[in-house]
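Note that the protein sequences, when read in sequence, are chains A and B. If you read the first sequence in the numbering used here, its first letter stands for residue 456, the second for the next number, and so on. If you read the second sequence in the numbering used here, its first letter stands for residue 6, the second for the next number, and so on.
Any given hint could turn out to be false.
[Unchecked claim] Pairs of lysine-lysine residues, derived as DSBU-like cross-links and limited to a Cα-Cα distance of at most 35 Å, are as follows: (1) A:K633 <-> B:K127; (2) A:K609 <-> B:K286; (3) A:K536 <-> B:K127; (4) A:K570 <-> B:K339; (5) A:K570 <-> B:K127; (6) A:K516 <-> B:K125.
[Claimed, not checked] Computed footprint of chain B on chain A; a stretch qualifies when at least three of its residues, placed anywhere within it, have a C-beta under 8 Å from a C-beta of chain B: (7) 506-517; (8) 583-590.
None of these hints come from the bench; they were simulated from the model. Please read all numbers here as calculations on a predicted model, not as lab measurements. By construction, the Cβ of each residue, glycine as well, lies at the ideal position given by its N, Cα and C atoms.
Given next are the chains, with one letter for each unit.
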Amino acid sequence: MIREPDSHVKLRIENLILSFGGVNALSDVSLDVREHEILAVIGPNGAGKTALLNCISGFYKPQQGEIYFDGQRTTRMRPDKLAELGIARTFQNIELYTGLSTQDNIMAARHALMKQNFITGSLYFGWAQKEEIEHRQTVEEIIDFLEIAPIRKKVVGLLPYGMRKRVELARALALEPKVLLLDEPMAGMNLEEKEDIARFIIDLFEGQGATYPNTPVLRDGIRCIILVEHDMGVVMDLADRIAVLDFGRKIAEGTPAEISTNPEVISAYLGKEE
Amino acid sequence: MPGTFQESYAQDMAIFRTPLQWGMLGLFLIVLFTCPLFCSDRILTIMTMIGIAIISVHGLNILTGYCGQISIGHVGFMAVGAYISAILTAKLGWPFWVALPCSGLAAGMAGLIFGLPSLKIKGFYLIMATIAAHFIIIWVVLHLRSLTGGADGLTVPKPKIGSLVFMSKASYFYLVMVIACLATFLAVNIGRSRVGRAFVAIRDNDLAAEVMGVNLWSYKLQAFFIGCVYAGVAGSLLVHYYGFASVDQFPFMDSVWYLGMLIVGGMGSTTGAILGAVALKLLDELVTVVGPVLSAAVAAQAAASLALITRGLILMLFLIFEPRGLAHRWGMIKAYYRLWPFSHEESE
Numbered sequence: 456m457i458r459e460p461d462s463h464v465k466l467r468i469e470n471l472i473l474s475f476g477g478v479n480a481l482s483d484v485s486l487d488v489r490e491h492e493i494l495a496v497i498g499p500n501g502a503g504k505t506a507l508l509n510c511i512s513g514f515y516k517p518q519q520g521e522i523y524f525d526g527q528r529t530t531r532m533r534p535d536k537l538a539e540l541g542i543a544r545t546f547q548n549i550e551l552y553t554g555l556s557t558q559d560n561i562m563a564a565r566h567a568l569m570k571q572n573f574i575t576g577s578l579y580f581g582w583a584q585k586e587e588i589e590h591r592q593t594v595e596e597i598i599d600f601l602e603i604a605p606i607r608k609k610v611v612g613l614l615p616y617g618m619r620k621r622v623e624l625a626r627a628l629a630l631e632p633k634v635l636l637l638d639e640p641m642a643g644m645n646l647e648e649k650e651d652i653a654r655f656i657i658d659l660f661e662g663q664g665a666t667y668p669n670t671p672v673l674r675d676g677i678r679c680i681i682l683v684e685h686d687m688g689v690v691m692d693l694a695d696r697i698a699v700l701d702f703g704r705k706i707a708e709g710t711p712a713e714i715s716t717n718p719e720v721i722s723a724y725l726g727k728e729e
Numbered sequence: 006m007p008g009t010f011q012e013s014y015a016q017d018m019a020i021f022r023t024p025l026q027w028g029m030l031g032l033f034l035i036v037l038f039t040c041p042l043f044c045s046d047r048i049l050t051i052m053t054m055i056g057i058a059i060i061s062v063h064g065l066n067i068l069t070g071y072c073g074q075i076s077i078g079h080v081g082f083m084a085v086g087a088y089i090s091a092i093l094t095a096k097l098g099w100p101f102w103v104a105l106p107c108s109g110l111a112a113g114m115a116g117l118i119f120g121l122p123s124l125k126i127k128g129f130y131l132i133m134a135t136i137a138a139h140f141i142i143i144w145v146v147l148h149l150r151s152l153t154g155g156a157d158g159l160t161v162p163k164p165k166i167g168s169l170v171f172m173s174k175a176s177y178f179y180l181v182m183v184i185a186c187l188a189t190f191l192a193v194n195i196g197r198s199r200v201g202r203a204f205v206a207i208r209d210n211d212l213a214a215e216v217m218g219v220n221l222w223s224y225k226l227q228a229f230f231i232g233c234v235y236a237g238v239a240g241s242l243l244v245h246y247y248g249f250a251s252v253d254q255f256p257f258m259d260s261v262w263y264l265g266m267l268i269v270g271g272m273g274s275t276t277g278a279i280l281g282a283v284a285l286k287l288l289d290e291l292v293t294v295v296g297p298v299l300s301a302a303v304a305a306q307a308a309a310s311l312a313l314i315t316r317g318l319i320l321m322l323f324l325i326f327e328p329r330g331l332a333h334r335w336g337m338i339k340a341y342y343r344l345w346p347f348s349h350e351e352s353e
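Chain A with its partners taken away, still in its complex shape:
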């Protein structure tokens, strides 16, 4: 895939240090994520990939370093504030609202975009109802895009693994994010499911234009996606750039072609020859 990389930096990570007691999860990681690119973060288990995502989405507060989103400093902001700014994510281990239906899970993610409070909500008719219907329309478009209409009313706790992963992606989309963080979206999936998700990621990145004219997130696409994934085939095909972490350090960054021939990356993955 050949795309003209826009030089505009969407997310800037500067000298991030995150440690738990004596363990350095991230040591001095700097990374720029540009507008209009899919950036893959790879590395062996325990390299700090998820820790990095957790810092970006506000889960972890790094001890040192800064994160800028669209030029705004977002280090140590509350996760819900970051969600409002337009950073959405999925989780490695599915973290859905197990007691709600698929549709309600996605509706719940519209939270930050809705305005009703418990007074207008409790009266419901009129204002709140109008808002519910408007947002339901967007939710239905996302359901349509991800092809999960058959499970719309099913409680997500009872869904099979692959479907739950997809509902989680739908929930992240419902936030209408500017940056999407995907933490191993294909872990534990079979080939067919992986292909589905890969297609969704590409479609999402490119935007669907006139297919979904009323839903900005699907129409214009999400122009900045950070993908953590172990499947090298997927990563090489999807990513515009790849950053490699090992023991909390960034050891390489570059295009898939550069990364696949980088000796340091190969030694981190395969071990050094004695």
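Given the coordinates of chain A, assemble chain B onto it according to the supplied hints.
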């Protein structure tokens, strides 16, 4: 394929979607509000008490059932509402209609204060904090003698509109039922709108909820506020019914039983809150009927604790055999009716 088909999202999101459902609601309301015509005072008293319990359990359902913040101090917040209402009407001479919303707000404020620990602690530890809330509230009531009358209690006037005083059982029945219906309406709508979904999100996965844009701090406190407003209103109705406010009306064990009602009915369901309150209150009545018979036949001591034993037993059986409560059973009956003659939904 049997079933009702919706053509708009408004229809799909409606609670009552078929003429039959509307008809059943109408019939239920007609029967409910004509009860005083054919029911004895004793039955009206029972129904009034059930109505008050329903209002209170709705509050607990929002706090515990939806938001997952388990509270065993609910009766304490009822006491706040009760005493605020009692003080405002008896000491300051305010009309009941002003005192009632004030009692709700005051209990809500108390809920906000005692809900603060929920921002830092969860589960078992939060339960301990809510138990403490109950005892702190009762302690304050007992020691503010000049306002609350302490252990002697307070005499409370009956509500009145103009010359109409809500003295008779029937009139108070109407008062409680109108408020209970309104409370149910509001609770249902909270459950199905933005705030309700945020509550359930916090209950099911608070970390994900925060990442998806729910401000945990604000919404946990809102759950405490709303839940305790319900408790306060219920408490106010309770003391105005008795015409007397005393701490004995708010024993700690009732908090446990309100939670029990929610478990029997089904947590996180407005229907469940109603079914649970009705079921446990009727069980109590059954025990008071059976008790004397039993005490004559077997042992007086056993009969005295019969209420506790049966309640405890019922609660235990529900936890084992129907942890999702009567509401779940009710849902299954409705699904059976909807799908008949098929046994399950067609899978796609």
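Tested hints:
no.: 1; hint: A:K633 <-> B:K127; verdict: holds (33 Å)
no.: 2; hint: A:K609 <-> B:K286; verdict: holds (34 Å)
no.: 3; hint: A:K536 <-> B:K127; verdict: holds (22 Å)
no.: 4; hint: A:K570 <-> B:K339; verdict: holds (34 Å)
no.: 5; hint: A:K570 <-> B:K127; verdict: holds (28 Å)
no.: 6; hint: A:K516 <-> B:K125; verdict: holds (17 Å)
no.: 7; hint: 506-517; verdict: holds (count 3)
no.: 8; hint: 583-590; verdict: holds (count 5)
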